[in-house]
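Protein chains in written order, with the numbering used here: chain H, 1 to 315; chain B, 1 to 247; chain G, 1 to 303.
Treat the hints as calculated values from the structure; they're not laboratory data.
Misleading hints may appear alongside valid ones.
Simulated pairs of lysine to aspartate or glutamate, EDC-like, Cα-Cα distance not exceeding 20 Å [said to hold, decoys possible]:
| no. | chain 1 | residue 1 | chain 2 | residue 2 |
| --- | --- | --- | --- | --- |
| 1 | H | 13 | H | 50 |
| 2 | G | 132 | B | 130 |
| 3 | H | 59 | H | 188 |
| 4 | H | 210 | H | 173 |
| 5 | H | 93 | H | 62 |
| 6 | B | 54 | H | 173 |
| 7 | G | 254 | B | 25 |
| 8 | G | 173 | H | 173 |
| 9 | B | 27 | G | 172 |
| 10 | H | 119 | B | 234 |
| 11 | H | 210 | G | 95 |
| 12 | G | 254 | B | 165 |
| 13 | H | 209 | B | 130 |
| 14 | H | 119 | G | 17 |
| 15 | H | 235 | H | 116 |
| 16 | G | 132 | B | 25 |
| 17 | G | 173 | H | 123 |
| 18 | G | 173 | H | 112 |
| 19 | B | 54 | G | 17 |
| 20 | H | 209 | G | 95 |
| 21 | H | 119 | G | 133 |
| 22 | H | 63 | H | 50 |
| 23 | H | 92 | H | 252 |
Computed list of chain H residues with no C-beta within reach of chain G, every gap over 12 Å [what the hints assert, rightly or not]:
| no. | residue |
| --- | --- |
| 24 | 37 |
| 25 | 53 |
| 26 | 54 |
| 27 | 58 |
| 28 | 109 |
| 29 | 111 |
| 30 | 242 |
| 31 | 254 |
| 32 | 257 |
| 33 | 264 |
| 34 | 277 |
In silico negatives: residues of chain B with every beta carbon more than 10 Å from chain H [claimed, not checked]:
| no. | residue |
| --- | --- |
| 35 | 22 |
| 36 | 25 |
| 37 | 31 |
| 38 | 135 |
| 39 | 149 |
| 40 | 164 |
Cβ coordinates follow ideal geometry from the N, Cα and C atoms, glycine included.
Each chain is listed here by its residues.
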Amino acid sequence: MSDTVAPKSFGDKLQSLPRTWLFLILLLAASVPLFVPIALPNAPSQSSEDFFANVMSLKAGDKVLVASDWTKSTRGESGGECEALLRMLIRKKIKIAMYSSGDPQAPQVFRDTIGEIAKDELDHGEAPYQQFQDYVVCGYFPNAEGTALGINNNLRGVFAGKKDSPPNGSPQDIFNSPVFQGVNSVSDFKYLIMITASNTERVTFERVKKTPLMFMVTGVMTPEDNVYYLSGQLKGLIGGVKGVFDLEQMMEKGLNVPGGVSAPRFGPVPGFPGKHNVGRGTSYYFALHACLALLILAIFAGNLGVWLSRRGARS
Amino acid sequence: MNYMVVRLGVSAILTFGLYSILYRENKFYRLCEHIFLGLASGWALVALWTDTLKSAWWDKMVGSTTDSGQMLTRGYWLYALLLPIGLMGYMVFSRKHNWMSRIPIGIIIGLYSGQQFQAWQNRYIPQISDTIRPVVPTVWSLRPETTGLTPDQVATIHSNVYISDALTNLIFVFTVISVLAYFLFSFETKSKVISGLSLCGRWLLMIGFGAIFGSTVMMRFTLLIDRMSFVFQDFLMHSLVPTLTHR
Amino acid sequence: MLHLLLDLDPPTFFNGDNGSPALILKIVLAFLVGIGLIFALMAAPLRLRRFIVVAVTFLSGLYYFLLWFFPAPISRGPTDAPNGPLESFSFLIADAVPSVVNVSNILSAVLIGLGIYSLLRIHLGRIVKQQKDWAFSLVLVVSLFTVAFFGYWDWIIRQGPTGGSLGAVPNDKWSFPLYAKDFFFEGFLQQMDSAMFSLIAFYILSAAYRAFRARSVEATILLLSALIVILASMGLIQSNWDNTIDATHIGFLKNIRLEDMRTWLNGTMQAASIRGLDFGVGVGLLAMALRLWLSLEPLGRES
Numbered sequence: 001m002s003d004t005v006a007p008k009s010f011g012d013k014l015q016s017l018p019r020t021w022l023f024l025i026l027l028l029a030a031s032v033p034l035f036v037p038i039a040l041p042n043a044p045s046q047s048s049e050d051f052f053a054n055v056m057s058l059k060a061g062d063k064v065l066v067a068s069d070w071t072k073s074t075r076g077e078s079g080g081e082c083e084a085l086l087r088m089l090i091r092k093k094i095k096i097a098m099y100s101s102g103d104p105q106a107p108q109v110f111r112d113t114i115g116e117i118a119k120d121e122l123d124h125g126e127a128p129y130q131q132f133q134d135y136v137v138c139g140y141f142p143n144a145e146g147t148a149l150g151i152n153n154n155l156r157g158v159f160a161g162k163k164d165s166p167p168n169g170s171p172q173d174i175f176n177s178p179v180f181q182g183v184n185s186v187s188d189f190k191y192l193i194m195i196t197a198s199n200t201e202r203v204t205f206e207r208v209k210k211t212p213l214m215f216m217v218t219g220v221m222t223p224e225d226n227v228y229y230l231s232g233q234l235k236g237l238i239g240g241v242k243g244v245f246d247l248e249q250m251m252e253k254g255l256n257v258p259g260g261v262s263a264p265r266f267g268p269v270p271g272f273p274g275k276h277n278v279g280r281g282t283s284y285y286f287a288l289h290a291c292l293a294l295l296i297l298a299i300f301a302g303n304l305g306v307w308l309s310r311r312g313a314r315s
Numbered sequence: 001m002n003y004m005v006v007r008l009g010v011s012a013i014l015t016f017g018l019y020s021i022l023y024r025e026n027k028f029y030r031l032c033e034h035i036f037l038g039l040a041s042g043w044a045l046v047a048l049w050t051d052t053l054k055s056a057w058w059d060k061m062v063g064s065t066t067d068s069g070q071m072l073t074r075g076y077w078l079y080a081l082l083l084p085i086g087l088m089g090y091m092v093f094s095r096k097h098n099w100m101s102r103i104p105i106g107i108i109i110g111l112y113s114g115q116q117f118q119a120w121q122n123r124y125i126p127q128i129s130d131t132i133r134p135v136v137p138t139v140w141s142l143r144p145e146t147t148g149l150t151p152d153q154v155a156t157i158h159s160n161v162y163i164s165d166a167l168t169n170l171i172f173v174f175t176v177i178s179v180l181a182y183f184l185f186s187f188e189t190k191s192k193v194i195s196g197l198s199l200c201g202r203w204l205l206m207i208g209f210g211a212i213f214g215s216t217v218m219m220r221f222t223l224l225i226d227r228m229s230f231v232f233q234d235f236l237m238h239s240l241v242p243t244l245t246h247r
Numbered sequence: 001m002l003h004l005l006l007d008l009d010p011p012t013f014f015n016g017d018n019g020s021p022a023l024i025l026k027i028v029l030a031f032l033v034g035i036g037l038i039f040a041l042m043a044a045p046l047r048l049r050r051f052i053v054v055a056v057t058f059l060s061g062l063y064y065f066l067l068w069f070f071p072a073p074i075s076r077g078p079t080d081a082p083n084g085p086l087e088s089f090s091f092l093i094a095d096a097v098p099s100v101v102n103v104s105n106i107l108s109a110v111l112i113g114l115g116i117y118s119l120l121r122i123h124l125g126r127i128v129k130q131q132k133d134w135a136f137s138l139v140l141v142v143s144l145f146t147v148a149f150f151g152y153w154d155w156i157i158r159q160g161p162t163g164g165s166l167g168a169v170p171n172d173k174w175s176f177p178l179y180a181k182d183f184f185f186e187g188f189l190q191q192m193d194s195a196m197f198s199l200i201a202f203y204i205l206s207a208a209y210r211a212f213r214a215r216s217v218e219a220t221i222l223l224l225s226a227l228i229v230i231l232a233s234m235g236l237i238q239s240n241w242d243n244t245i246d247a248t249h250i251g252f253l254k255n256i257r258l259e260d261m262r263t264w265l266n267g268t269m270q271a272a273s274i275r276g277l278d279f280g281v282g283v284g285l286l287a288m289a290l291r292l293w294l295s296l297e298p299l300g301r302e303s
């Protein structure tokens, strides 16, 4: 046996790049493009178009039930989805009843997010959007399965006793809020829109049948939920940061209007041109390109290394 | 320095504290990890009362009043029984009586499993009917271009089954059946048709997994980008730098 | 149970005016009966224990099974009275939904507390015994109680007469406890949550680089499928590639546009394979639900 170690071939070197270097390059790929404002082309997916068209078809005073089951752990995707949705609903003066069955932190995260977005929209010239008058937070329900079934069968029974604070007042029964005026069943909400990063979306569509469902999910959940969108169980689906970018783009340009996104299935759906529509989707998309390019390069380098090493060994 | 700069600064430091694990295991990471665990549990303790038990249990048990002191709901004392039943769950730490912890868990599991029949129907029946697709064309030509048509004209085109649609539907149905065959006939079988179908199913399943992988990496990268955006944009560019330059 | 959640029901044996001595006495008695039940169960013989767990699980499951299976009136108005015993039973099942949901939420919340109790038990034990790294355990316990303390303080203030005017974002009306809660919840917890989850990106890149090899037919298909999804999601590449393909004269060329490939692959093969997978899971799910309900799984059995 020889004591000398054979020098590494190029193929071997390609397979054994130091992990720290990979991490550093990824850190750069995720950071530097954030400072490069580039307008990227994009073709919105059909499910995003449906989602946008359905939300835009709502009229002032309509009510939607929002299930917000995300926390800041998925802020990049769920946060972007929630913010874009809230901007649309606030501008269209839609009333929101929110509940969560995904995470104890979720109601507080929603309160903070809607507070920030409502303030930002107010600063940009929209009408005030106030707690209790325009939206209520119905709290956290730890048993997702029972809650979803109860919401379908007896919404008022499940939300009975919940309280929220009107502006300049102490907490009151949520049924005294204008949000719940005329709401006796879940079918009185135009949609149940769920923003989730957990399996509560499956629990919900397995049980809630009396109102149309639309989901905003993380990228990892998109392929699976797309199956339910295709079977018509969901009326719209926003998947991950690509979905957020789709939504922000349509909010700016509209559907089937001059200069807008073309979707022959719909009539003209104008967006909110010139308003504060740029959010996390638009801001992060270029950086995502860089990270994905790095991933493709890394996989290619690894495979090339294996191929070169094998060829070297054979020769 | 204002409150927001301090809050964001602390958050940025903690982010790098957690990222230090990428270099190697260290005490700063462990400190951050324990703070995180403690805070998450502590917040659960708050939210379980303020967002759940206060309204779902306490107010129902003792009743509630309006701001002016008038009675809004009567108290239902039977709710008091739920606390001892829930507390039976804590008997899991008792060597002698840990079986009692299965009573509250049994209630939750029983309620869950009782729902599954309805849930199964709601989840799978629409999918089964969507999988039964026409594989014979109604129009023997290729699907026409829809750009520039009205929604009604597009809907008319979509109501027909063109040759390409029939082929696509056939592939769809074959994929579902073969993947299902892979699952249901995972044991050894002598039938060449079933084993061939099962092999196809395995290959086709990889296409689905590929989509899941592609979406997963996009999600994970987005979360990292968001964090970098927080550190460099939210904290550094929009908070710290303006505060320092303003001074 | 029927009127358990309705506001201002007629007074019955099961309810009482809030704050009345009769109600307080009944609450205390019910609690004591519950505690008595725990002690009575402690003395239960071994055979009875299994029966109790199985019966509780089965009866709980039976409720939702009946809710789904038992014929319900097609359209029932709020003032409709049941017509006969069958319909009475149907009304009873339907009306009990909020109560059953409430019970499941309350029990789930108490059981989530079990996780916190377990964590505290381990770390307090470590501190008391001054075991290795007990200082970290101390940090955990202090963090837990700090956020709980300020969380409740914030909540109590918000329950006050001006609670609604305080707002969710920092403003002039905020006092120290509100800032403290915001600092620990937003500044610490939420940001660390986000950082913790974003760490996975590094490991996924590293793992893909080291392990994602086109060594077999399966791995190659997976790689190609993922590549199409990724490339089609990169608007810059997708748009440039698709624009180079001129399908005006040869319509078939449309099929090699990335967007068309992704849409077709997504709607036809990816969705179909995931659906096949889901059907497989569904069969298992139903079988598992049945086993759980009938306590055929070890979880529901007495060990």
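Tested hints:
1. H:13 - H:50: Answer violated: residue 13 (chain H) to residue 50 (chain H) is near 48 Å, above 20 Å.
2. G:132 - B:130: Outside the cut-off at roughly 59 Å; violated.
3. H:59 - H:188: Measuring from Cα to Cα gives roughly 14 Å; hence the hint holds.
4. H:210 - H:173: violated, 24 Å
5. H:93 - H:62: Answer holds: residue 93 (chain H) to residue 62 (chain H) is near 8 Å, not above 20 Å.
6. B:54 - H:173: Given pair residue 54 (chain B), residue 173 (chain H) holds - Cα atoms ~13 Å apart, limit 20 Å.
7. G:254 - B:25: Violated, at about 52 Å.
8. G:173 - H:173: Status violated; Cα separation ~24 Å.
9. B:27 - G:172: Answer violated: residue 27 (chain B) to residue 172 (chain G) is near 38 Å, above 20 Å.
10. H:119 - B:234: Measuring from Cα to Cα gives roughly 17 Å; hence the hint holds.
11. H:210 - G:95: Given that 20 Å is the threshold and the Cα spacing comes to 17 Å, the pair holds.
12. G:254 - B:165: holds, 15 Å
13. H:209 - B:130: holds, 17 Å
14. H:119 - G:17: Roughly 42 Å between the alpha carbons, so the hint for residue 119 (chain H) and residue 17 (chain G) is violated.
15. H:235 - H:116: violated, 28 Å
16. G:132 - B:25: Between residue 132 (chain G) and residue 25 (chain B) the Cα gap is close to 16 Å, so the pair holds against 20 Å.
17. G:173 - H:123: Status holds; Cα separation ~19 Å.
18. G:173 - H:112: Holds - the C-alpha atoms of residue 112 (chain H) and residue 173 (chain G) are around 16 Å apart, at most 20 Å.
19. B:54 - G:17: holds, 18 Å
20. H:209 - G:95: holds, 18 Å
21. H:119 - G:133: Judged against 20 Å, a Cα distance of about 45 Å means the pair is violated.
22. H:63 - H:50: holds, 18 Å
23. H:92 - H:252: Answer holds: residue 92 (chain H) to residue 252 (chain H) is near 15 Å, not above 20 Å.
24. 37: Label holds. Min Cβ-Cβ 14 Å, cutoff 12 Å.
25. 53: holds, 18 Å
26. 54: holds, 20 Å
27. 58: The claim holds: residue 58 (chain H) sits with its nearest Cβ about 24 Å from chain G, beyond 12 Å.
28. 109: violated, 7 Å
29. 111: violated, 5 Å
30. 242: The claim is violated: residue 242 (chain H) sits with its nearest Cβ about 5 Å from chain G, within 12 Å.
31. 254: holds, 18 Å
32. 257: holds, 20 Å
33. 264: holds, 14 Å
34. 277: For residue 277 (chain H), whose nearest Cβ neighbour in chain G is about 17 Å away, the distance exceeds 12 Å, so it holds.
35. 22: Contrary to the label, residue 22 (chain B) does not stay out of reach of chain H, its closest Cβ about 5 Å off (not over 10 Å).
36. 25: Holds, because the least Cβ-Cβ distance between residue 25 (chain B) and chain H comes to about 14 Å, which exceeds 10 Å.
37. 31: holds, 20 Å
38. 135: Fine: 17 Å to the nearest Cβ keeps residue 135 (chain B) off the interface.
39. 149: violated, 6 Å
40. 164: holds, 17 Å
In the structure shown, a violation is registered for the earlier hints numbered 1, 2, 4, 7, 8, 9, 14, 15, 21, 28, 29, 30, 35 and 39, in ascending order.
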